[in-house]
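Engineer: Below, each chain spelled out in residue letters.
2 protein chains.
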Amino acid sequence: MKIIGFSGMPCSGKTLAINFLRNYFPVISMGDVVREKMKEKNVNVDLREYSFNLRKTDKAFVAKLCIPLIKKIDGKVCVIDGIRNFEEVIEFKKENDVFLIAVHASPAKRFERYMKRSRKDDVLSFEAFMKRDRDELSWGLGEVIALSDCIIVNEGSIAELENKIKEIYLKFI
Amino acid sequence: MKIIGFSGMPCSGKTLAINFLRNYFPVISMGDVVREKMKEKNVNVDLREYSFNLRKTDKAFVAKLCIPLIKKIDGKVCVIDGIRNFEEVIEFKKENDVFLIAVHASPAKRFERYMKRSRKDDVLSFEAFMKRDRDELSWGLGEVIALSDCIIVNEGSIAELENKIKEIYLKFI
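In order, the protein sequence lines correspond to chains A and B.
Each residue of the first sequence is one higher than the one before, starting from 671 at the first, in our numbering.
Each residue of the second sequence is one higher than the one before, starting from 671 at the first, in our numbering.
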């Protein structure tokens with residue numbers, strides 16, 4: 671299987687990029703896989719916290735949960751959404767051909783987007799936003815971004831992002 | 671002072687990018703600062719190892735060594751080469767306006783460049799090259815790259831890289 675593995679900081683535009691590819695390839699969301707696990711175990715905690723705990727003893731735990739889903743896919747290419755550390759990449763690479771894409775935008779641009787989409791009465795300061803970023807990065811996300819096969823810079827419009835994703839899509843059909 | 675702070679994985683093209691800016695702005699190399707410290711202390715070990723040890727107890731130690739050099743600069747903009755962790759960025763931000771640039775190329779492209787510039791009898795395998803990358807990243811370099819204000823993708827020619835750097839240079843003059 672060819673896996674297009676996506677990572678990106680919050681509000682980088684990763685979800686938009688993946689939504690474009692969703693028209694052409696099946697998408698496995700690692701977040702959904704964690705949500706499914708929460709439902710199965712009947713736990714009711716914060717998704718981020720539960721994700722963190724699942725990865726605590728085995729950093730590739732969530733990736734391992736994805737493997738049977740990948741095997742079920744009828745096709746040659748799939749998209750994985752939400753890679754968080756390089757141990758997950760190593761797990762996916764065991765039996766698949768992995769192409770890593772990171773979507774990047776500057777902290778200022780990501781914060782601007784975050785402010786636009788947030789309710790005014792429930793919003794982080796820039797400092798708290800950066801603190802949350804750094805927490806996220808402490809899981810190993812920076813390593814995944816740094817070792818990506820392709821970084822899509824998403825500072826501009828949605829149309830520009832779509833054009834960049836189209837170029838990638840053409841490589842995989 | 672406006673600081674243009676550079677980071678990048680080995681063979682990303684960071685040095686080429688900085689060499690272009692060297693014609694216009696003073697450059698402080700964090701590697702040179704460490705080398706100077708080694709000379710002063712009369713130590714004769716591997717630069718990477720010594721750099722790592724200096725940053726072990728205080729991750730911003732090398733950044734702190736750069737502060738008096740920044741203060742001596744007669745001008746409004748300088749380039750810092752070789753940021754390795756986000757604590758260094760925080761240190762630089764205390765009294766300066768920092769714009770973080772990461773130069774990125776895929777592991778395959780970086781390895782291709784590494785092979786071209788290496789002596790045939792003294793060369794790492796791709797696996798050893800990736801292992802060295804991951805060691806580098808364990809210092810916190812991935813966090814710096816992920817939180818950069820600008821990522822320059824350098825998969826193409828030197829001329830293409832220079833054009834990208836020129837755009838940045840124009841923002842700072």
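No wet-lab data here; the hints were simulated from the structure.
One should not assume that every hint holds.
One copy or two, either will do: identical chains are not told apart, so a pair holds if it fits within one copy or between any two.
Pairs of lysine-lysine, DSSO-like flavour, derived with a Cα cap of 27 Å [to be verified]: (1) 779 x 726; (2) 764 x 790; (3) 801 x 742; (4) 746 x 709; (5) 709 x 672; (6) 790 x 707; (7) 672 x 779; (8) 729 x 790; (9) 841 x 726; (10) 790 x 711; (11) 779 x 764; (12) 786 x 707; (13) 734 x 836; (14) 801 x 746; (15) 779 x 711; (16) 742 x 786; (17) 801 x 834; (18) 834 x 779.
Note that this is a predicted model, so its numbers are computed, not measured.
Engineer: Does each hint fit the structure? Answer for all of them.
Structural biologist: Right, here's what the structure says about each hint:
| no. | hint | in the structure |
| --- | --- | --- |
| 1 | 779 x 726 | neither (31 Å within a copy, 32 Å between copies) |
| 2 | 764 x 790 | neither (45 Å within a copy, 29 Å between copies) |
| 3 | 801 x 742 | neither (38 Å within a copy, 32 Å between copies) |
| 4 | 746 x 709 | neither (30 Å within a copy, 56 Å between copies) |
| 5 | 709 x 672 | neither (29 Å within a copy, 50 Å between copies) |
| 6 | 790 x 707 | neither (32 Å within a copy, 50 Å between copies) |
| 7 | 672 x 779 | between (31 Å within a copy, 20 Å between copies) |
| 8 | 729 x 790 | neither (35 Å within a copy, 36 Å between copies) |
| 9 | 841 x 726 | neither (35 Å within a copy, 43 Å between copies) |
| 10 | 790 x 711 | neither (34 Å within a copy, 55 Å between copies) |
| 11 | 779 x 764 | between (36 Å within a copy, 22 Å between copies) |
| 12 | 786 x 707 | neither (31 Å within a copy, 47 Å between copies) |
| 13 | 734 x 836 | neither (29 Å within a copy, 45 Å between copies) |
| 14 | 801 x 746 | neither (39 Å within a copy, 29 Å between copies) |
| 15 | 779 x 711 | neither (38 Å within a copy, 44 Å between copies) |
| 16 | 742 x 786 | neither (38 Å within a copy, 42 Å between copies) |
| 17 | 801 x 834 | neither (30 Å within a copy, 30 Å between copies) |
| 18 | 834 x 779 | both (18 Å within a copy, 19 Å between copies) |
The structure does not agree with the numbered hints 1, 2, 3, 4, 5, 6, 8, 9, 10, 12, 13, 14, 15, 16, 17 stated previously, though it agrees with the rest.
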